[in-house]
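Reading the sequence shown from the start, the letters are residues -22 to -1, 1 to 156 in mature numbering (1 follows the signal peptide of the UniProt record, and there is no 0).
In short, the hints are calculated from the structure, not lab data. Keep in mind that this is a model prediction, so the values were computed, not measured. Please note that a few of the clues may not be correct.
SDA-like, lysine to any residue: derived pairs with alpha carbons at most 25 Å apart [said to hold, decoys possible]:
hint, residue 1, residue 2
1, K131, L116
2, K38, C19
3, K15, N57
4, K101, D132
5, K56, K109
6, K88, K38
7, K88, N57
8, K38, S54
9, K128, N36
10, K109, Q5
11, K56, N70
12, K15, K101
13, K131, F107
14, K38, M21
15, K131, T115
16, K56, K101
17, K128, Q5
18, K109, Y83
19, K101, Q27
20, K101, K131
21, K99, Q5
22, K131, V18
23, K38, N57
24, K71, E50
25, K38, W73
Have a look at the derived ranges for each label pair, beta carbon to beta carbon [stated by the list, open to error]:
hint, residue 1, residue 2, range
26, N26, D78, 16 to 24 Å
27, L34, A72, 34 to 42 Å
28, K38, E110, 33 to 41 Å
29, K88, E12, 29 to 37 Å
30, K56, N20, 27 to 35 Å
31, E58, E124, 18 to 26 Å
32, M21, D132, 14 to 22 Å
33, D11, K88, 13 to 21 Å
34, A102, G37, 14 to 22 Å
35, D53, N26, 33 to 41 Å
36, N20, L116, 26 to 34 Å
Every residue, glycine too, gets a C-beta built ideally from N, C-alpha and C.
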Amino acid sequence: MKKRYFSLLIISGIILFLAACGKEEVQPVAINDETDKCEVCNMAVVDNQFATQVVLENGKSMVFDDIGCMYEWFDSNKNEKIAGEFVRDYHNKAWISVNDATYIYNQSVKTPMAYNVISFKDKATAEDFLKENEDSTLMTADDLAEHEWKQNKDMMNMGDMENHSHGDAEDSESKDSH
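With the hints as extra help, turn the sequences into a complete structure.
Structural data, given as structure tokens:
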């Protein structure tokens, strides 16, 4: 009886060990500048330091052009089963797990959708940036979850959209009469 119990225990241990070894670590996929679009704002996602990514448990990868867009997606998709979340290092574009990065919020930092948050692989580099840039706030992934994600509308460059109003009818009529 003891021999049978011991054998069963050994076999169970081996099975658990093999199951743990067989699990692959989730990795971000490469950004394709020509085809990738942000899941939230539908803008093109460029392979730069602002690109972010979420990989679902089913293997689907979603890309975002700004950390703020990714957090907008998190807010709207609380029931999704996420396998991995990634941001890029501000200086060398290396992919980093969201929980391993250190963040800086600074309203003067230009990001694609003007959420003004950038990420760093290591805290020391983020602290160096903080010393050189007044009015910056050092943040963690936990801080980002509580952050109020507002776009810096003054910073957004609307280019050709400057005469396209989403305001009331009176605004539209006055612009159309020019």
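Each hint, compared with the structure:
Taken as a hint, the K131 and L116 pair is honoured in the structure, with Cα atoms around 22 Å apart against an allowance of 25 Å. Between K38 and C19, the direct Cα distance comes to roughly 18 Å. Compliance with the 25 Å bound is thereby established for this hinted pair. A C-alpha spacing of about 22 Å is found between K15 and N57, which places the hinted pair at or below 25 Å, so the restraint holds. At most 25 Å may separate the alpha-carbon atoms for a hinted pair to count; K101 and D132 exceed this at roughly 29 Å.
For the hint linking K56 to K109, the alpha-carbon distance of about 35 Å lies beyond 25 Å, and the restraint is violated. In summary, the hint linking K88 to K38 is not supported, as the alpha carbons are separated by about 29 Å, beyond the 25 Å threshold. Proposed proximity of K88 and N57 is contradicted: the alpha carbons are some 31 Å apart, above 25 Å. Note on K38 and S54: the hinted pairing holds, with a Cα-Cα distance of about 17 Å set against a maximum of 25 Å.
In summary, the hint linking K128 to N36 is not supported, as the alpha carbons are separated by about 30 Å, beyond the 25 Å threshold. For the proposed pair K109 and Q5, the alpha carbon gap of about 32 Å is over 25 Å, so the pair is violated. Taken as a hint, the K56 and N70 pair is broken in the structure, with Cα atoms around 31 Å apart against an allowance of 25 Å. For the hint linking K15 to K101, the alpha-carbon distance of about 30 Å lies beyond 25 Å, and the restraint is violated.
The hinted pair formed by K131 and F107 meets the criterion: a straight-line CA distance of about 24 Å does not exceed 25 Å. Restraint check for K38 and M21: the C-alpha separation of about 19 Å stays at or below 25 Å, so the hint holds. Pair hint K131 plus T115 holds up; C-alpha atoms about 19 Å apart against a cutoff of 25 Å. Between K56 and K101 the CA atoms are separated by roughly 28 Å; this puts the pair beyond 25 Å, and the hint is violated.
Only pairs whose Cα atoms come within 25 Å are accepted, and K128 paired with Q5 is rejected, the gap being roughly 29 Å. Proximity of K109 to Y83 is assessed by CA-CA distance (about 13 Å); at most 25 Å being required, the pair is judged to hold. Of the pairs offered as hints, the one joining K101 and Q27 holds, with about 16 Å between alpha carbons and a cut-off of 25 Å not exceeded. Distance restraint check for K101 and K131: the Cα-Cα separation of roughly 29 Å exceeds the 25 Å cut-off, and the hinted pair is therefore not satisfied.
Annotation: proposed proximity of K99 to Q5 holds, straight-line Cα distance about 16 Å (limit 25 Å). Note on K131 and V18: the hinted pairing holds, with a Cα-Cα distance of about 17 Å set against a maximum of 25 Å. At roughly 15 Å between alpha-carbon atoms, K38 and N57 fall within 25 Å of each other, so this suggested pair holds. Using a Cα cut-off of 25 Å, the hinted pair K71 and E50 holds, with the two alpha carbons roughly 22 Å apart.
Of the pairs offered as hints, the one joining K38 and W73 holds, with about 17 Å between alpha carbons and a cut-off of 25 Å not exceeded. Between N26 and D78 the CB atoms are about 20 Å apart, so this pair conforms to the stated range of 16 to 24 Å. Our hint of 34 to 42 Å for L34 and A72 is violated, since their Cβ atoms are close to 22 Å apart. Taken as a hint, the range 33 to 41 Å holds for the pair K38 and E110, whose Cβ atoms sit roughly 39 Å apart.
Our hint of 29 to 37 Å for K88 and E12 is violated, since their Cβ atoms are close to 23 Å apart. Judged by the Cβ atoms, the range 27 to 35 Å given for K56 and N20 is violated: they are separated by roughly 21 Å. With their beta carbons about 20 Å apart, E58 and E124 fall inside the hinted range of 18 to 26 Å. Checking the proposed 14 to 22 Å range against M21 and D132 shows it holds: the Cβ atoms sit about 19 Å from each other.
In this structure the hint that D11 and K88 lie 13 to 21 Å apart at CB holds, the actual value being about 19 Å. Taking 14 to 22 Å as the suggested C-beta distance range, the pair A102 and G37 does not conform, at roughly 35 Å. In this structure the supplied range 33 to 41 Å is violated for D53 paired with N26, their Cβ-Cβ distance being about 24 Å. For N20 and L116, the hinted distance range of 26 to 34 Å is satisfied, since their beta carbons lie about 31 Å from each other.
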